[in-house]
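On the provided structure of chain A, position chains B, C and D as indicated by the hints.
Protein chains: 4
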Amino acid sequence: MPKVVIGVMGPGSEATAIDLQNAYTVGQLIATEGWVLLTGGRNTGVMQAASQGAKQAGGLTVGILPSAARAAMSEAVDIPVLTGMGSARNNINVLSSQVVVACGMGAGTASEIALALKAQKKVILLNKNASSQTFFKGLAPELVSVVEQPIAAIEIIKAFLSDEDHVNRTVE
Amino acid sequence: MPKVVIGVMGPGSEATAIDLQNAYTVGQLIATEGWVLLTGGRNTGVMQAASQGAKQAGGLTVGILPSAARAAMSEAVDIPVLTGMGSARNNINVLSSQVVVACGMGAGTASEIALALKAQKKVILLNKNASSQTFFKGLAPELVSVVEQPIAAIEIIKAFLSDEDHVNRTVE
Amino acid sequence: MPKVVIGVMGPGSEATAIDLQNAYTVGQLIATEGWVLLTGGRNTGVMQAASQGAKQAGGLTVGILPSAARAAMSEAVDIPVLTGMGSARNNINVLSSQVVVACGMGAGTASEIALALKAQKKVILLNKNASSQTFFKGLAPELVSVVEQPIAAIEIIKAFLSDEDHVNRTVE
Amino acid sequence: MPKVVIGVMGPGSEATAIDLQNAYTVGQLIATEGWVLLTGGRNTGVMQAASQGAKQAGGLTVGILPSAARAAMSEAVDIPVLTGMGSARNNINVLSSQVVVACGMGAGTASEIALALKAQKKVILLNKNASSQTFFKGLAPELVSVVEQPIAAIEIIKAFLSDEDHVNRTVE
Numbered sequence: 001m002p003k004v005v006i007g008v009m010g011p012g013s014e015a016t017a018i019d020l021q022n023a024y025t026v027g028q029l030i031a032t033e034g035w036v037l038l039t040g041g042r043n044t045g046v047m048q049a050a051s052q053g054a055k056q057a058g059g060l061t062v063g064i065l066p067s068a069a070r071a072a073m074s075e076a077v078d079i080p081v082l083t084g085m086g087s088a089r090n091n092i093n094v095l096s097s098q099v100v101v102a103c104g105m106g107a108g109t110a111s112e113i114a115l116a117l118k119a120q121k122k123v124i125l126l127n128k129n130a131s132s133q134t135f136f137k138g139l140a141p142e143l144v145s146v147v148e149q150p151i152a153a154i155e156i157i158k159a160f161l162s163d164e165d166h167v168n169r170t171v172e
Numbered sequence: 173m174p175k176v177v178i179g180v181m182g183p184g185s186e187a188t189a190i191d192l193q194n195a196y197t198v199g200q201l202i203a204t205e206g207w208v209l210l211t212g213g214r215n216t217g218v219m220q221a222a223s224q225g226a227k228q229a230g231g232l233t234v235g236i237l238p239s240a241a242r243a244a245m246s247e248a249v250d251i252p253v254l255t256g257m258g259s260a261r262n263n264i265n266v267l268s269s270q271v272v273v274a275c276g277m278g279a280g281t282a283s284e285i286a287l288a289l290k291a292q293k294k295v296i297l298l299n300k301n302a303s304s305q306t307f308f309k310g311l312a313p314e315l316v317s318v319v320e321q322p323i324a325a326i327e328i329i330k331a332f333l334s335d336e337d338h339v340n341r342t343v344e
Numbered sequence: 345m346p347k348v349v350i351g352v353m354g355p356g357s358e359a360t361a362i363d364l365q366n367a368y369t370v371g372q373l374i375a376t377e378g379w380v381l382l383t384g385g386r387n388t389g390v391m392q393a394a395s396q397g398a399k400q401a402g403g404l405t406v407g408i409l410p411s412a413a414r415a416a417m418s419e420a421v422d423i424p425v426l427t428g429m430g431s432a433r434n435n436i437n438v439l440s441s442q443v444v445v446a447c448g449m450g451a452g453t454a455s456e457i458a459l460a461l462k463a464q465k466k467v468i469l470l471n472k473n474a475s476s477q478t479f480f481k482g483l484a485p486e487l488v489s490v491v492e493q494p495i496a497a498i499e500i501i502k503a504f505l506s507d508e509d510h511v512n513r514t515v516e
Numbered sequence: 517m518p519k520v521v522i523g524v525m526g527p528g529s530e531a532t533a534i535d536l537q538n539a540y541t542v543g544q545l546i547a548t549e550g551w552v553l554l555t556g557g558r559n560t561g562v563m564q565a566a567s568q569g570a571k572q573a574g575g576l577t578v579g580i581l582p583s584a585a586r587a588a589m590s591e592a593v594d595i596p597v598l599t600g601m602g603s604a605r606n607n608i609n610v611l612s613s614q615v616v617v618a619c620g621m622g623a624g625t626a627s628e629i630a631l632a633l634k635a636q637k638k639v640i641l642l643n644k645n646a647s648s649q650t651f652f653k654g655l656a657p658e659l660v661s662v663v664e665q666p667i668a669a670i671e672i673i674k675a676f677l678s679d680e681d682h683v684n685r686t687v688e
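Chains as they are written, first to last, in the working numbering: chain A, 1 to 172; chain B, 173 to 344; chain C, 345 to 516; chain D, 517 to 688.
None of these hints come from the bench; they were simulated from the model.
Some clues are possibly wrong.
To spell it out: a stretch of chain B is covered by chain D in this simulated footprint if at least three of its residues, at any positions, have a beta carbon under 8 Å from a beta carbon of chain D; those stretches are [said to hold, decoys possible]:
{"#": "1", "region": "252-260"}
{"#": "2", "region": "273-279"}
{"#": "3", "region": "289-295"}
{"#": "4", "region": "310-317"}
None of the values given here were measured: they were computed from a predicted structure.
Idealized CB from N, CA, C, for every residue including glycine.
Isolated chain A (complex conformation) (with noise of 0.2 Å):
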């Protein structure tokens, strides 16, 4: 039976202590909630701290990978996705996670955020840079949300998630 996912992206390298913080915080409200944390995999920055937030809670994380092998990955990652195909595999973070956290800012994430909203999905962004947030939010206005928080992103994502399910109950 297909899990919850929910991507969190975000700065390796060039990460923030704040940053790191709300990641760490972020993937451990996730874990809490049951949902299966979805990160870029490798042993820096946001994608490091999340997943090692998240397995702090005892959930499962899956990060998928620039490079071809194990190599440069996090430790926290329980299952290794390796797409060998660089930036690439943004594509495939965005697609394949249900809500989109995007903790801090860098060129990679912003190339993450336009892609979730290039595919119709929901992205919560938790960081202070308001030149992101302006722009985001006026390139798609109903799909973009301002946190300053880790636990107002889970509320979000909560609710979104019972409306999704109100929509499928519908359909159906």
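Positioned in the frame of chain A, the structure of chains B, C and D alone reads:
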């Protein structure tokens, strides 16, 4: 901590009754060993049968889907990875699998075996298709094994993982 | 002998009249310089207009299509590359372009700009979207230029290619 | 106006002297017909030889590279498409080719033939590898032709394109 991931590949709608039975049993045995089962994720043929076998034995199943949406996914897949890449996703299937078991034969399966050999992966053929056995053993004799029974595939995987472990320990 | 390849990216059905005019002119100017035009290849929006401009000026056009078949391809594309990968092909668009010109804005275009910056590519924004200019210049000030007219984009590309040549000669 | 694109696939460093001679001649003949040659683009083996043949005859050459940069590209490629996707790019090679000619054999070439058959593409085998001929003809008898000389491949392509034309005209 990364888990052991074993791939089972094979035809969709053109799988034979024997292919389906073999795939189901291989899936069961993989789960019994505590390994994660990776398939192409669709709700048909070898992918579906292997996933159902693994779930019957309490295992964890990953499906790397050619589509961008959850439609046409097997209900026996726990973690759907949606690539939206069609058959290009076959390369992800084999890169992400530590060993590839091919149940039955078809054009898609042949592409997965060939991509696995290109990536220097161990491949186990579980079929009665003599011309595929001759061809693939000719391409890479040291990587290809032919078996008649699911249990023989499991024995080969165990030996391979134990060798790999030994190699890794020696390297460290 | 490899030719110079310049990418022009932009919205499909949501392109504005000014985006289309700019794309057509940029396509013409690229062809006039003897460069190959690369676009996303579809028969709509900026992709179509740029390709038509390049053909009007006697140029050569490449289209990297999201689909697996020639349907929905612009008739102004000489060489269709069929990826069957949906938006994951956006990364191929930018990797294959020596410089990326973005005409107009949308989620797909934003993903191409971000992927280009991730790959350390020079990007020229030809639009009036102030929030996109602020955001992308903030991400990578040294890689992003903003212009108001197609001819200004061509001047920047010429300077870039001539620098790159110089770098290459110095390295040898 | 989209051009006719014909793919020539084959081994890199493991190509035999006969494979290289055949690839060069097929490249020449493709260019002589006014068709675009598409290969995997690297500076080795069948890819390189076919591209050199096509350039000698004044043709246009496209290379779909596994890498993200122009390094290791054949100088005989006019239009490099940089995928950064490794062997997953093999699926793009075959989707973009109206007919696939396989010169010689190896794991990568076998994956391209199999992916081509999966996509219902016409494939011409130009090799002396009997087990590959038996295997692939068994997989898809109606799609696979075996030839001994480059000129025979060209005759088959001409007949195929002329049939396809006829089909298209009838459909309209």
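Each hint tested on the structure:
{"no.": "1", "hint": "252-260", "result": "holds (count 4)"}
{"no.": "2", "hint": "273-279", "result": "holds (count 3)"}
{"no.": "3", "hint": "289-295", "result": "holds (count 3)"}
{"no.": "4", "hint": "310-317", "result": "holds (count 3)"}
The earlier numbered hints are all upheld by this structure, with none contradicted.
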